[in-house]
Amino acid sequence: MEHFRIENLSFSYPTSEKKSLDKASLKIGKGEYLVLCGKSGSGKTTLLRHLKTVLTPHGKGSGEIYFNGIALQEVDNREQAAKIGYVMQNPDDQIVTDKVWHELAFGLESLGCDQKTMRSRVAEMACYFGIQDWFHRDVAVLSGGQKQLLNLASIMAMQPEVLILDEPTSQLDPIAASDFLNTVRKINTELGTTVIITEHRLEDIFPYADRAVVMDSGKIIADDTPRNIGKLLFEQNNHMFTAMPTPVRVFYGTNGSGDCPLTVREGRAWLNKEFETEPEIKEIPCKIIGDDIENPALSLKELWFRYEKDTPDILRGVSLEVPSGSISAIVGGNGAGKSTTLKAVCGICKPYRGKIKIFGKPVNKFRSGELFGNCISMLPQDPKSLFVKNKVIDELSEMAKDKNRINEIAEMCQITDLMNNHPYDLSGGEQQRVALAKVLLTEPKILLLDEPTKGMDSFFKETFATILNKLKNQGITVLMVSHDVEFCAKYADRVSMFFDGQVLTTDTPQKFFGGNSFYTTAANRMSRHIFKNAVTAENVVELYRKNKGGAR
Amino acid sequence: MKQDAFSKLHPAVNLLFFIGAIAFGVLLQHPVYLLAGVLASGAYYFMLCGRKGMKNILLTIPLFVFITLFNPIVNTRGATVLFTYFDRPYTLEALIYGVVVAATFVLMLLWFGCYGKVLTGDKFTCLFGNLAPSLSLLLVMVFRMIPSLLQKAKQIIGVRSSIGKGITEKSSIKDKLGSGMTVIGVLTSWALEGSITTSDSMRSRGYGTAKRTSFMVYRMTKADWILTAVMLALLGVIIIFAANGGMNAEFLPERNIVPVNRSNIIGFIAYLGYLMIPTVMNIKEAIQWSISESKI
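From first to last, the protein sequence lines stand for chains V and P.
In terms of the numbering used here, the first sequence has 357 at position 357, counting the first letter as 1, and numbering is strictly consecutive.
In terms of the numbering used here, the second sequence has 91 at position 91, counting the first letter as 1, and numbering is strictly consecutive.
A couple of the hints might just be wrong.
[Stated by the list, open to error] Each computed PhoX-like pair below joins lysine-lysine, with the alpha-carbon atoms no more than 25 Å apart:
{"no.": "1", "chain 1": "P", "residue 1": "170", "chain 2": "V", "residue 2": "350"}
{"no.": "2", "chain 1": "V", "residue 1": "309", "chain 2": "P", "residue 2": "55"}
{"no.": "3", "chain 1": "V", "residue 1": "361", "chain 2": "P", "residue 2": "165"}
{"no.": "4", "chain 1": "V", "residue 1": "454", "chain 2": "V", "residue 2": "403"}
{"no.": "5", "chain 1": "V", "residue 1": "532", "chain 2": "V", "residue 2": "546"}
The set of hints was computed from the structure by calculation and includes no laboratory data.
Could you build all of it, start to finish, from the sequences and the hints given here?
Set out below in structure tokens:
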């Protein structure tokens, strides 16, 4: 018997004419691992929220949902609370209490469990999720990844039959995200819990999912095994194809033969079969960058910084030069000090040693206000922290008086039709664009970006990259710190590695990622045994075509 | 975080101790008993806070002197007049009573300082979780909210200054006020926004579907029971002696202090013993540890 049966579900929000769900029908079997994908705003969250009565949004709707064969409204809330677990996007706001142990017990407390049951369940969960070490800690000191794991654990403590996850890793860095998704997979395979998940990072889950469902403007447009979905999207020329894992994109990009690979391992095997003899062209031409940069837009020399007197140094001699009119990226592990470097450039943190020069002028020689008035500006990690007004248009007017300029920037960031919305009502990608527009209105010559692609879907990443390229062509220098190696490999001119409080190496993405074997892109891991410096799916396709003459 | 030996006990035992210590600290105005209270609370506070705590303890001295000297100005009763000023008498009895008031005040400060270190918010709510589940949950949520709001405020201020909207030394007061208001406004809407998610998360985990129970991470162990018994016994002794007038002290209008002698010394020993429980526990633990360490 299936777990959920959704029949002809339609729904529209009270304020909108558009149907958020349009006659969606879906069956979800017991123990299945189902991925729900689609662009932001395609109705994924709305659909998921319908699977739990207390979360169902208000609005006009029709259609039926059955849980274990019973209409969902008939299942009482207590049973739903225990049997249907729901993990949301924001790791922080989901947490209710102030201590880890209390959060783990929260659901059980609500259900009125007795001490003995609670004790054993909490202990069990803490062990399964590796939480023992931070069991007594304050929630406030946890990292984002730990918080989300705690959310998952506290729901699993109620022993649900179904686990629903709504973009659970969008706020996490890639390593924490992949840990989290592995845990979800473990729950599915070891406990047989049905998993329904929406996710932008398909690379990590697509190969393991039993079924993928694609949504577009409230409709379910595809429902098949992941392997077939790749094919279908490619044939339909659907924009969701850009979200597919690298091996899939390479396979269809090259018009390859055989079975479509889903993982890096399968991708390597497939490339081996394609190139039984060594290919002639193994490299794509790329620029060589020298060490000397003439008139760098930004130069950092030997920066040392720590937050408090008796804490360890975060920056330990950071030196970096950024050429003007380029897109430079700094990659590196979590908490390595990447964001702190940007903060030091902006003057939020004051390094106790070292020099920062902006266009050759030491940063402390800038008079107050001069630095941020058309010189330097930073887009923060959380775009929400920039918003102070009730309307997008007011946000923009706060920064500049010139109406034409506002319109120009709004046009470029593609937010002209959002002007009268409340910034908090926008989706993550839209918020990011509004924030970018707001920052751009300070007319910066140097734009600093802190984790700009966090929470963006693959479709919007491309739009975002186009905007960045436009800025670059206008002569603006872009410096971003990011975990997103795929994005940096594709769009940055220079990539620097940040490690141990220092910038260790700087090179072109091809050279940088081509030389790494772990810290690199999926495309490179998949093709490094055949090609020397292919770091994006496009690179692999290009080299493949060059060797095979474009056609088979 | 390292906890001291007494803090590791069940919160109920901690609470019982502080109720006893603070209640008798206020009720007993006998100078000898006050001195014992001040010393015991000072010793324990020093153990909890270390060198930082020493600074706070020393800070109570000026406070002590001030209250002592100030009391006769407000209170003019008393038989022995030391001197008069503006036709008001400054009496010896009032001065002595000032010492008593000051000592009580210092003792309270120190005990409450210890209380804050030992019975942290989570322990307190854990204690009352079963009596008033909703109220204790509310408290827990407030405890969580305050640090997260502070952190967000810091973030917003940083972000504002990185786009040139921050305040500098040169900003006018009007700008500073305006900027502060903006931050508060953002925080409010942020908190409201977050609270929607939080309430979803609560309801999704069955909040309100059944009578709430409360998870106790702390269990009453044998040591907890024994110590509770000891404490109750000591409190009993203290109450008996206090009721018999063995701890009486009057200051106004005339001094009348019952001396500590053979007939009531047991009451004093019980009181001192009670107050020294945490300190003795810590010393005992330290000794035990160093013995077991020397065996390694």
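Against which earlier hints does the structure fall short, listed by number upward?
4
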